[in-house]
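**Q** In the order they appear, the protein sequences are chains A and B.
Numbers 1 to 167, taken from the working numbering, label the letters of the first sequence in order.
Numbers 1001 to 1694, taken from the working numbering, label the letters of the second sequence in order.
No lab work stands behind these hints: they were computed from the structure.
Fair warning: there could be bad hints in the mix.
What the hints assert, rightly or not - Taking CB as the label site, the calculated pair distances span: (1) B:S1346 / A:F88: 28 to 38 angstroms; (2) A:E157 / B:G1589: 47 to 57 angstroms; (3) B:D1668 / A:F88: 43 to 53 angstroms; (4) A:E157 / B:E1064: 53 to 63 angstroms; (5) A:E157 / B:D1472: 50 to 60 angstroms; (6) A:E157 / B:S1302: 50 to 60 angstroms; (7) B:S1346 / A:E46: 20 to 30 angstroms; (8) B:G1669 / A:Q29: 47 to 57 angstroms; (9) A:E46 / B:N1649: 51 to 61 angstroms; (10) A:P121 / B:V1011: 49 to 59 angstroms; (11) B:L1343 / A:F88: 25 to 35 angstroms; (12) A:I140 / B:Q1010: 48 to 58 angstroms.
Glycine residues also receive a C-beta, built at the ideal position from the N, C-alpha and C atoms.
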Amino acid sequence: MSYTTQTQTSLNQTGDGSRSEFLAFTLGQEEYGIDILRVQEIRGYEPVTRIANSPDFIKGVVNLRGTIVPVVDMRIKFELGTPTYDQFTVVIILNIAGRVVGMVVDSVSDVTTLVPEQVRPAPDIKTAFDTDYLIGLGTIGERMLILVDIDKLMSSEEMGLIEGMAA
Amino acid sequence: MTIDMSQFYQVFFDEADELLAEMEKLLLALDVSDPDSEDLNAIFRAAHSIKGGAATFAFNDITEVTHMLESLLDRIRKGEMALTPEHVDAFLVAKDVLTMLMDGHHHGASVDQAAVDSVCQRLKALSQGQVDASAAMATSAPEAPVLEPVQTEAAPTQNAAGEFCYRIELPEVSQKDVDALAAELGLLGTIVQEKLGDGRSAFMLTTTESEDNIIAICSFVLDPDDLKITHAAASQAAAPAEADSTTDETSADVAAPEAADLNSQVPPAKQEAPASAPAPAAEAKNLGRRATDKEGSGQESSSIRVGVEKVDQLINLVGELVITQAMIEQRINALDPIVHERLLNSASQLARNTRDLQEAVMSIRMMPMDYVFSRFPRMVRDLAAKLGKKVEFITRGAATELDKGLIERIVDPLTHLVRNSVDHGFEMPEKRRSSGKNETGKLTLSAAHQGGNIVIEVSDDGGGLNRDRILDKARQQGLPVSDTMPDSEVWQLIFAPGFSTAEVVTDVSGRGVGMDVVKRNIKAMGGTVDIRSVPGSGTTIAISLPLTLAILDGMSVKVGDEIYILPLGYVIESLQPVAADVKEIAGQGKVVKVREEYLPLIPLYQIFAIETQFTEPSQGILVILESEGKKAALLVDSLVGQQQVVVKNLESNFRKVAGISGATILGDGGVSLILDVAALLRSGRQLNANPVFF
Chain A
1 MSYTTQTQTS LNQTGDGSRS EFLAFTLGQE EYGIDILRVQ EIRGYEPVTR
51 IANSPDFIKG VVNLRGTIVP VVDMRIKFEL GTPTYDQFTV VIILNIAGRV
101 VGMVVDSVSD VTTLVPEQVR PAPDIKTAFD TDYLIGLGTI GERMLILVDI
151 DKLMSSEEMG LIEGMAA
Chain B
1001 MTIDMSQFYQ VFFDEADELL AEMEKLLLAL DVSDPDSEDL NAIFRAAHSI
1051 KGGAATFAFN DITEVTHMLE SLLDRIRKGE MALTPEHVDA FLVAKDVLTM
1101 LMDGHHHGAS VDQAAVDSVC QRLKALSQGQ VDASAAMATS APEAPVLEPV
1151 QTEAAPTQNA AGEFCYRIEL PEVSQKDVDA LAAELGLLGT IVQEKLGDGR
1201 SAFMLTTTES EDNIIAICSF VLDPDDLKIT HAAASQAAAP AEADSTTDET
1251 SADVAAPEAA DLNSQVPPAK QEAPASAPAP AAEAKNLGRR ATDKEGSGQE
1301 SSSIRVGVEK VDQLINLVGE LVITQAMIEQ RINALDPIVH ERLLNSASQL
1351 ARNTRDLQEA VMSIRMMPMD YVFSRFPRMV RDLAAKLGKK VEFITRGAAT
1401 ELDKGLIERI VDPLTHLVRN SVDHGFEMPE KRRSSGKNET GKLTLSAAHQ
1451 GGNIVIEVSD DGGGLNRDRI LDKARQQGLP VSDTMPDSEV WQLIFAPGFS
1501 TAEVVTDVSG RGVGMDVVKR NIKAMGGTVD IRSVPGSGTT IAISLPLTLA
1551 ILDGMSVKVG DEIYILPLGY VIESLQPVAA DVKEIAGQGK VVKVREEYLP
1601 LIPLYQIFAI ETQFTEPSQG ILVILESEGK KAALLVDSLV GQQQVVVKNL
1651 ESNFRKVAGI SGATILGDGG VSLILDVAAL LRSGRQLNAN PVFF
């Protein structure tokens, strides 16, 4: 499975006209998109076990069918909206480089297919995400998706999820 | 179609290791004066199988040694030669040389060629020494059927096992194809490869398959029209005939008593002959079909080799199932038992089945202690001989099972303890006699289950530990000791680094390196070491280990709303302190007085920033923990209970968290963190003073 994932990424990067699919989700007022192939599943929010002395956006760990998975809340990390936890709160379970991470977002809308022509380079404007972590902006009619390089973001030192990645 | 032979190397090495170990075990158990023919056959078969495998992979040095070993053994088991202790010794040395050669091929370890030569000489001398006249004939005889295959054109004759024997002559093809074909055909039955004069190859194949199937397989590699297949039943028949004639000639040559002995043993030898005769040149014999050799004795091996990852995955899946089952149980407990009677019944059946399944799956990783124990008889024998001591070695509970991961790690500490016992534990025979004991000391190695632990004991009936000498030595080394220390504490002193009470440093032991390593290794496995010793009657060292690394005996404690698990091994006691016993030390935190001892107080709520109303030590519970000789009192709100927990790695998806060694899943599906007690005690105050995170 990881093999196909990698192939897909390289296709994206070479931009040879292949379509790529993105999962659209909202954080506060903004709509974001991530590579669908990084998404393992989407779940409701379950109570987590807090990890002491960790930054507040790391909510804690949950049991995902026998594996211990850390959960991060993007709303806290990027100071978007008010983090409320109810039956509508969604956790996107990502599989990045063999590691499983849960990401709390406000809501998940749909899966959209974008051809490279629909993706514009991200302007150097201030979004919640550092432009380093952006692939570009996707346009579908009136909608605009901020496409996030979720691999880069989750493996970044800033997130503190993976030990010694930057070192 | 090519086959890379190196992919089978691991299988060969694994098998050969097992066979060598088996061989050694049998050799040691052999009664020289009256050897059991079954055992001799088993030893022979082991040597023979290794030879077959080694020949397949062209490990000629191994083939050579095993060949000599096998020839000699063959004659002994046929009764042509009487077994003497020299034989047994030579065989044991040969086994060591084989192990060394195997290592050489496997890990690229250096090979002592002199030892190889000397063992070859020794085996040769033994086989020639006693039956000069027949020696040459006996060694050449087994090869005869292969060198001169009997090419009688006969109707297919079935042998006892319903197998036909075919002779397949190949056209000129590359060696790679020949090997590939040999491996393929080997799956059908027993195959023997031979070289014809003009560079072509031929196979002798004994199989239950029809000729058509053989042609079908060959046609992958070559044109079936070029193939020449003949029914070579006669050659198979010739083999026992050859063997018989050899025996006859031999018996004529040897002295009368041996001949008489021979007659009584000929029938079993004859039965063995058909199976073994084609094998000496079994160049391409498929390893997987080794079983054919065993058919004669009906010892078909009924085990399969499975990768450890597969087993671990299975264990993980079952672990999840158990948790899911626990969740179901918890949910349905809230239901009305009368309305939902049938659902509840089914659920309780599910619970039973799940538990059985879990036990069965866990037992896959379990290996009998025999795996470890079996390597000691030889070591004890050699050591005792070297030191001039007499030691009888007894094992008990060799069938007790332990997790494979642990069993591999227990070998070294146990080896050390056994060596120590033989070297220091036992007195010299004279001394034993003078103190009224049996000259032969008894060394007992035992394993038994005790609750969730396995207890392994090494016990000797030697002189026991010398309390005064240990105390003296400890004082010399500046260890804090007093004359009034209880025995159990004195014995623990021998685990201090650099401690040795042996008067003479021998090459066996006495350098003082070791006991501390033993203790450290066992601690690392989550186990404990205890010593019991009575002067004059012996010492027992007891190792207690958890049955598996994946399961931990834990004590769950509650702070605020959070539940943490403490590994039970670190917990000494728990108590509710009196306010007066808690003293504050300016800038250094608090200490608590427990039985005249001041222990640092580690408030868990403070370290982990947990909100709780119990901040006063006297309101909560103190759990006294000990690690690496340091004690401390951990302040928690309350104790929840004791339970076995399945340890999960936190780092596989997250990062290392200071103060946490892992996580586990509770019955309700929630996650609970396991405290890293050693780290807590080491840096309790630092953690407290400035949180290490961010």
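**Q** Determine for every hint whether it applies to the structure shown.
**A** How the hints compare with the structure:
Between B:S1346 and A:F88 the Cβ separation comes to about 34 angstroms, which falls inside the hinted range of 28 to 38 angstroms. Range check, A:E157 to B:G1589: about 33 angstroms between beta-carbon atoms, so the 47 to 57 angstroms window is missed. For the hinted restraint 43 to 53 angstroms between B:D1668 and A:F88, the CB-CB distance of approximately 23 angstroms leaves it violated. The given range of 53 to 63 angstroms is respected by A:E157 and B:E1064, whose C-beta atoms sit roughly 60 angstroms from each other.
Between A:E157 and B:D1472 the beta carbons are some 56 angstroms apart, a value that agrees with the proposed interval 50 to 60 angstroms. Between A:E157 and B:S1302 the beta carbon distance is about 54 angstroms. The supplied range of 50 to 60 angstroms therefore holds. The hinted range of 20 to 30 angstroms is satisfied by B:S1346 and A:E46, whose Cβ atoms lie roughly 26 angstroms apart. Between B:G1669 and A:Q29 the beta carbon distance is about 35 angstroms. The supplied range of 47 to 57 angstroms is therefore violated.
A C-beta distance of roughly 20 angstroms is found between A:E46 and B:N1649, which places it outside the suggested range of 51 to 61 angstroms. Take A:P121 and B:V1011: their Cβ atoms lie about 56 angstroms apart, and the range 49 to 59 angstroms holds. For the hinted restraint 25 to 35 angstroms between B:L1343 and A:F88, the CB-CB distance of approximately 31 angstroms keeps it satisfied. The supplied range of 48 to 58 angstroms is met by A:I140 and B:Q1010, whose beta-carbon atoms lie about 54 angstroms from each other.
Checked against the numbered hints listed earlier, the structure breaks hints 2, 3, 8 and 9; every other hint is satisfied.
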